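Chemist: Based on the sequences and whatever the hints tell you, model everything.
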Amino acid sequence: MNITEAFQENVIIVSLDGRFDANTSDAVEQFLRVRISESKFQFVLDMANVPYISSAGLRVILAVVKELRRDNKGDLRIANLQKTVAKVFEISGLNNVLGIFKNPDSAIQSFTD
Amino acid sequence: MKKTLEFPADTASLSKIGDLIVEACRSVGFNEEEIGDIQLSVDEACTNTIIHGLGQDPDRNFRLDILSETGEIEIVIYERGSPFDTLEVKQPNSDAPLEERSVGGLGIYFIMNLMDEVEYRTDDEGTKIFRMLKRKRQDEVRTK
Ligand SMILES: Nc1ncnc2c1ncn2[C@@H]1O[C@H](COP(=O)(O)OP(=O)(O)O)[C@@H](O)[C@H]1O
Ligand SMILES: [Mg+2]
Chain Z
90 MNITEAFQEN
100 VIIVSLDGRF
110 DANTSDAVEQ
120 FLRVRISESK
130 FQFVLDMANV
140 PYISSAGLRV
150 ILAVVKELRR
160 DNKGDLRIAN
170 LQKTVAKVFE
180 ISGLNNVLGI
190 FKNPDSAIQS
200 FTD
Chain V
22 MKKTLEFPAD
32 TASLSKIGDL
42 IVEACRSVGF
52 NEEEIGDIQL
62 SVDEACTNTI
72 IHGLGQDPDR
82 NFRLDILSET
92 GEIEIVIYER
102 GSPFDTLEVK
112 QPNSDAPLEE
122 RSVGGLGIYF
132 IMNLMDEVEY
142 RTDDEGTKIF
152 RMLKRKRQDE
162 VRTK
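If you're matching them up, the sequences are chains Z and V in order.
Residue numbers for the first sequence, in the working numbering: 90 to 202.
Residue numbers for the second sequence, in the working numbering: 22 to 165.
Since the hints were made in silico from the structure, they are not lab data.
A quick note: this is a predicted structure, and the numbers were derived from the prediction, not measured.
Just so you know, even glycine gets a beta-carbon here, dropped at the ideal spot from N, CA and C.
Every beta carbon over 10 Å from chain Z, so not counted as near; a handful from chain V, in silico:
| id | residue |
| --- | --- |
| 1 | Leu26 |
| 2 | Phe28 |
| 3 | Leu41 |
| 4 | Val49 |
| 5 | Leu88 |
| 6 | Glu90 |
| 7 | Gly92 |
| 8 | Glu95 |
| 9 | Asp106 |
| 10 | Glu138 |
| 11 | Tyr141 |
| 12 | Asp144 |
| 13 | Ile150 |
| 14 | Arg152 |
| 15 | Gln159 |
Simulated crosslink set (EDC-like; lysine to aspartate or glutamate; CA at most 16 Å straight-line):
| id | chain 1 | residue 1 | chain 2 | residue 2 |
| --- | --- | --- | --- | --- |
| 16 | Z | Lys155 | V | Glu120 |
| 17 | Z | Lys176 | V | Glu55 |
| 18 | Z | Lys155 | Z | Glu118 |
| 19 | Z | Lys172 | V | Glu55 |
| 20 | Z | Lys129 | Z | Glu98 |
| 21 | Z | Lys176 | V | Glu54 |
| 22 | Z | Lys172 | V | Glu53 |
| 23 | Z | Lys129 | Z | Asp164 |
| 24 | Z | Lys155 | V | Glu121 |
Modeler: What follows is the structure, encoded as structure tokens:
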């Protein structure tokens, strides 16, 4: 899993490249938790290059979103889901409570709306 | 065709297993959505074996059988780790607010929903056996 980041105003766009499974989920969680500890609270997760996600990946996303929304600190919003990955979000029921966007721009925009 | 493989209880095994499953599914002729369902189910079951069963001890192994036949695939995991506790399926509540969602317990739910047959048992020697099977939809088989 390759993790890169870009900054736009107060939003950090985190781009993942690779499988988001039990072998890589810890790295993603650590990366996000470091930024949160630096008081960064607005994230867009660009998943264009994630061909696969398991419940281990969903667990990290849910844990981080819970943390960020506590006291209305911020949020992590998701963009660019591949078709099979989008299905995993759907059957988990998490698509009802997460901010899922077509592309990073609309996800970034949503923070200023 | 039957393949029997051994893997160490290391999450680094998962991507290799995923590749092998996708390859076997393609040979059966599953469509991309079905392949995604099967890959997820096998990955969740193997993740559980590695983490819950074998405690991520890379010196311990588990066995994976992949049986691909006309119109169906069967996957069996053999593992001699700690016994299943309950393995009850927690139904995720899609209407619950975020704070009430639990961060675990989706793996078995996915498997039960995506595969046609799921079975787990322990044999006389204490080996845990987790078996799952998925068939291609009938209308697809017939048009071949
Ligand atoms: N191979 C296994 N060996 C022992 N216990 C297992 C195994 N697979 C599943 N379990 C038990 O079933 C529970 C539910 O599994 P799962 O739905 O994948 O959720 P999670 O792995 O997130 O806890 C696990 O927490 C574990 O207690
Ligand atoms: Mg699991």
